[in-house]
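Spelled out from the first residue to the last, the chains are:
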Amino acid sequence: MRSIEARGLTKEFKVYQSRSGLTGAFRDLFNRQYRTIRAVNGIDLTIEPGEIVGYIGENGAGKSTTIKMLTGILEPTGGCLRVNGYDPHREREEFVRTIGVVFGQRSQLWWDIAVKESFRLLKKLYRLSGEGYRQHLDRLVEVLEIGPFLDQPVRKLSLGQRMRCELAAALLHQPRLLFLDEPTIGLDVLVKENIRRFLKQVNAEYGTTILLTTHDLSDIEALCSRVVMLDKGNIIYDGDLERLRTQWGDGRRLILELKEEVPSFVLNEKTRGLSVKWEGEGTRYTARLEKGTTVSDVLSRLVPAVAVQELKIEEATTEDIVRRIYREGAAHA
Amino acid sequence: MFHVKLFFHYFMQYLKIRMAYRSDFLVQLATDLLFQAVNLVFILVVFSHTTELSGWTREEVIFIYGYFLVPFSFFSAFFNLWDFNERYIIKGELDRVLTRPAHSLYQVILETMTPESLTGAVTGFMVMGWAVKEMEVDFSWYDPFLFILFVAGGAAIYAGIYILLTSISLYSDSKTDIQPIMYNVGNYGRYPINVYNRVIQLVLTWVIPFAFVGFYPASFLLDKERWMTFALLTPLVGAVWLMLGVAVWNRGIRNYRGAGN
Numbered sequence: 001m002r003s004i005e006a007r008g009l010t011k012e013f014k015v016y017q018s019r020s021g022l023t024g025a026f027r028d029l030f031n032r033q034y035r036t037i038r039a040v041n042g043i044d045l046t047i048e049p050g051e052i053v054g055y056i057g058e059n060g061a062g063k064s065t066t067i068k069m070l071t072g073i074l075e076p077t078g079g080c081l082r083v084n085g086y087d088p089h090r091e092r093e094e095f096v097r098t099i100g101v102v103f104g105q106r107s108q109l110w111w112d113i114a115v116k117e118s119f120r121l122l123k124k125l126y127r128l129s130g131e132g133y134r135q136h137l138d139r140l141v142e143v144l145e146i147g148p149f150l151d152q153p154v155r156k157l158s159l160g161q162r163m164r165c166e167l168a169a170a171l172l173h174q175p176r177l178l179f180l181d182e183p184t185i186g187l188d189v190l191v192k193e194n195i196r197r198f199l200k201q202v203n204a205e206y207g208t209t210i211l212l213t214t215h216d217l218s219d220i221e222a223l224c225s226r227v228v229m230l231d232k233g234n235i236i237y238d239g240d241l242e243r244l245r246t247q248w249g250d251g252r253r254l255i256l257e258l259k260e261e262v263p264s265f266v267l268n269e270k271t272r273g274l275s276v277k278w279e280g281e282g283t284r285y286t287a288r289l290e291k292g293t294t295v296s297d298v299l300s301r302l303v304p305a306v307a308v309q310e311l312k313i314e315e316a317t318t319e320d321i322v323r324r325i326y327r328e329g330a331a332h333a
Numbered sequence: 001m002f003h004v005k006l007f008f009h010y011f012m013q014y015l016k017i018r019m020a021y022r023s024d025f026l027v028q029l030a031t032d033l034l035f036q037a038v039n040l041v042f043i044l045v046v047f048s049h050t051t052e053l054s055g056w057t058r059e060e061v062i063f064i065y066g067y068f069l070v071p072f073s074f075f076s077a078f079f080n081l082w083d084f085n086e087r088y089i090i091k092g093e094l095d096r097v098l099t100r101p102a103h104s105l106y107q108v109i110l111e112t113m114t115p116e117s118l119t120g121a122v123t124g125f126m127v128m129g130w131a132v133k134e135m136e137v138d139f140s141w142y143d144p145f146l147f148i149l150f151v152a153g154g155a156a157i158y159a160g161i162y163i164l165l166t167s168i169s170l171y172s173d174s175k176t177d178i179q180p181i182m183y184n185v186g187n188y189g190r191y192p193i194n195v196y197n198r199v200i201q202l203v204l205t206w207v208i209p210f211a212f213v214g215f216y217p218a219s220f221l222l223d224k225e226r227w228m229t230f231a232l233l234t235p236l237v238g239a240v241w242l243m244l245g246v247a248v249w250n251r252g253i254r255n256y257r258g259a260g261n
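Line order of the protein sequences matches chains A and B.
Using full-length UniProt numbering, you'd call the opening residue of the first sequence number 1 and step up by one each time.
Using full-length UniProt numbering, you'd call the opening residue of the second sequence number 1 and step up by one each time.
For reference, chain A alone in the conformation it holds in the complex (with noise of 0.2 Å):
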């Protein structure tokens, strides 16, 4: 059984729209007028049981409705939508005791009472008993560390805290699959790291697969093999990282500072036959690398021609790579 199975998944939400002044106030008092908006545009996805997969996309590209749709929050307009076998709006009730959720920027825990009394209440709500709870809660409380703030209530706890916490509580029937909503917002590099191993440890122990939304493409690159990139509500890349990167990923680049001046057509003399392309003049020089060049290839045809002061390589990040998908739009992908 696959994990998540959506074809032509659609949402459309009707949003009032109101006309402008005071006579157009009076108007809509009678006549509104409302516009559909499509927010998940009959997007295709599977997703196989064990996979980490980043959904990531501009704000207002339908992440976070997608996440919805696919934890039964929300009923879908079109489409068909089987997660974990069921269907999760319909049977809602018995299908989100198979899945885990994380939002970062809203809290699942009881505001007011003590972290331990909402894993109580929780273990109540997932009628989770016996002696495999406890030696699970036990572990999760272990391996994240929030044994010493169990006690406290969640409006007490730091960021960093809370999130381990909102973790634990989410894993706490073990899920087979774990929506993850922007969990490491606002969050400093080492519990980020904590958080990104925790979650690789569970994906590997326990089987479960991660889908996971945000906007720090860092995350992506700790933990995903697969990226998913939405954008207007279309899917306009799915795949894995590496793919990504090489397709889009404009090769690398070879920043030269040359001792004295050159001619341009002298460096494309010399690497005549590799796929280099030439930007600059004078003394300065940018070489970008496609197709399997590397800098070596470069370098040696070079050196014995030209005097080289200083030489820089950059590689784009997935961050450029995905800024540069936006800009250019979804033709290429």
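Note that these hints are calculated values from the structure, not bench results.
Be aware that a few hints might be false.
Away from chain A, derived, C-beta distances all over 12 Å, residues of chain B [to be verified]: (1) I17; (2) A37; (3) A77; (4) F125; (5) E136.
Under the rule of at most 16 Å between Cα atoms (straight-line distance), these lysine to aspartate or glutamate pairs were calculated in the EDC-like manner [to be verified]: (6) A/K116 - A/D151; (7) A/K124 - B/E111; (8) A/K200 - A/E51; (9) B/K16 - A/E51; (10) B/K16 - A/D151.
The calculated label-pair distances, taken between Cβ atoms and stated as ranges, are [to be verified]: (11) A/V189 - B/I208: 54 to 60 Å; (12) B/M1 - A/R155: 43 to 49 Å; (13) A/N31 - B/D177: 47 to 53 Å; (14) A/R323 - B/I90: 29 to 35 Å; (15) A/R327 - B/K91: 32 to 38 Å; (16) B/I90 - A/R19: 20 to 26 Å; (17) A/E142 - B/M182: 47 to 53 Å; (18) B/L244 - A/V189: 51 to 57 Å; (19) B/T51 - A/K14: 55 to 61 Å; (20) B/D177 - A/V189: 46 to 52 Å; (21) A/K14 - B/V185: 29 to 35 Å.
Cβ coordinates follow ideal geometry from the N, Cα and C atoms, glycine included.
Starting from the known structure of chain A, arrange chain B on it as the hints suggest.
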């Protein structure tokens, strides 16, 4: 069974929080008592000018008021849905509720209940007790059972109406002021219905049946000759409204649009 256990655990958590904020608890209790006292004084003031109100004596009206407090206190203890729009829709707590394995409305009720409002029932019994002592009332052996049925029906009517009104938030996230209005209309149910205009009587019986919460059952308990059909309809009307409320809620959940981030 699961729901009963769940209720118990939420209740325990509620007590723990309440005890942590002791002064809050006392203030709440004092406000409730004061509120009930003001209503009682109002009745006494009315009767200091007259001895009868459309054929009802002072004691009878006070009894009806005391009776009304009982279903009303059950309603306010467990259907405290006043800030649903603010807390669950705008702040997005409903998203969390919907990712948990229990009925959404049941969870909301458990999270918002204020059992201390049940003290209103105690006041109600005291008021009724005083009124009964001043009058001569023949109670039958089955009256306590009817009483329980009536109270359940009355609380269900209130609950159904308020669940229905609360569900509006699920369709549209704009704030409506209909709840406080309804709250005021609800107060009409605790006075003898024949003091009102004919239209209001019809509305309170068939449209928004608040008369079933206080007046019909209470006057029937005082005198079996009066309003028998209406009084005995109370549990039925309660069941219908509660089901209606829950049905509209369930439909609303399918319409729910989620809170924006």
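Now for the hints, and whether the structure bears them out:
no.: 1; hint: I17; result: violated (5 Å)
no.: 2; hint: A37; result: holds (31 Å)
no.: 3; hint: A77; result: holds (19 Å)
no.: 4; hint: F125; result: holds (32 Å)
no.: 5; hint: E136; result: holds (50 Å)
no.: 6; hint: A/K116 - A/D151; result: holds (6 Å)
no.: 7; hint: A/K124 - B/E111; result: holds (14 Å)
no.: 8; hint: A/K200 - A/E51; result: holds (11 Å)
no.: 9; hint: B/K16 - A/E51; result: violated (41 Å)
no.: 10; hint: B/K16 - A/D151; result: holds (13 Å)
no.: 11; hint: A/V189 - B/I208: 54 to 60 Å; result: holds (59 Å)
no.: 12; hint: B/M1 - A/R155: 43 to 49 Å; result: violated (33 Å)
no.: 13; hint: A/N31 - B/D177: 47 to 53 Å; result: violated (23 Å)
no.: 14; hint: A/R323 - B/I90: 29 to 35 Å; result: holds (33 Å)
no.: 15; hint: A/R327 - B/K91: 32 to 38 Å; result: holds (35 Å)
no.: 16; hint: B/I90 - A/R19: 20 to 26 Å; result: holds (24 Å)
no.: 17; hint: A/E142 - B/M182: 47 to 53 Å; result: holds (52 Å)
no.: 18; hint: B/L244 - A/V189: 51 to 57 Å; result: holds (54 Å)
no.: 19; hint: B/T51 - A/K14: 55 to 61 Å; result: holds (59 Å)
no.: 20; hint: B/D177 - A/V189: 46 to 52 Å; result: holds (48 Å)
no.: 21; hint: A/K14 - B/V185: 29 to 35 Å; result: holds (31 Å)
Hints 1, 9, 12, 13 from the list above are not met by this structure, while the remaining hints are.
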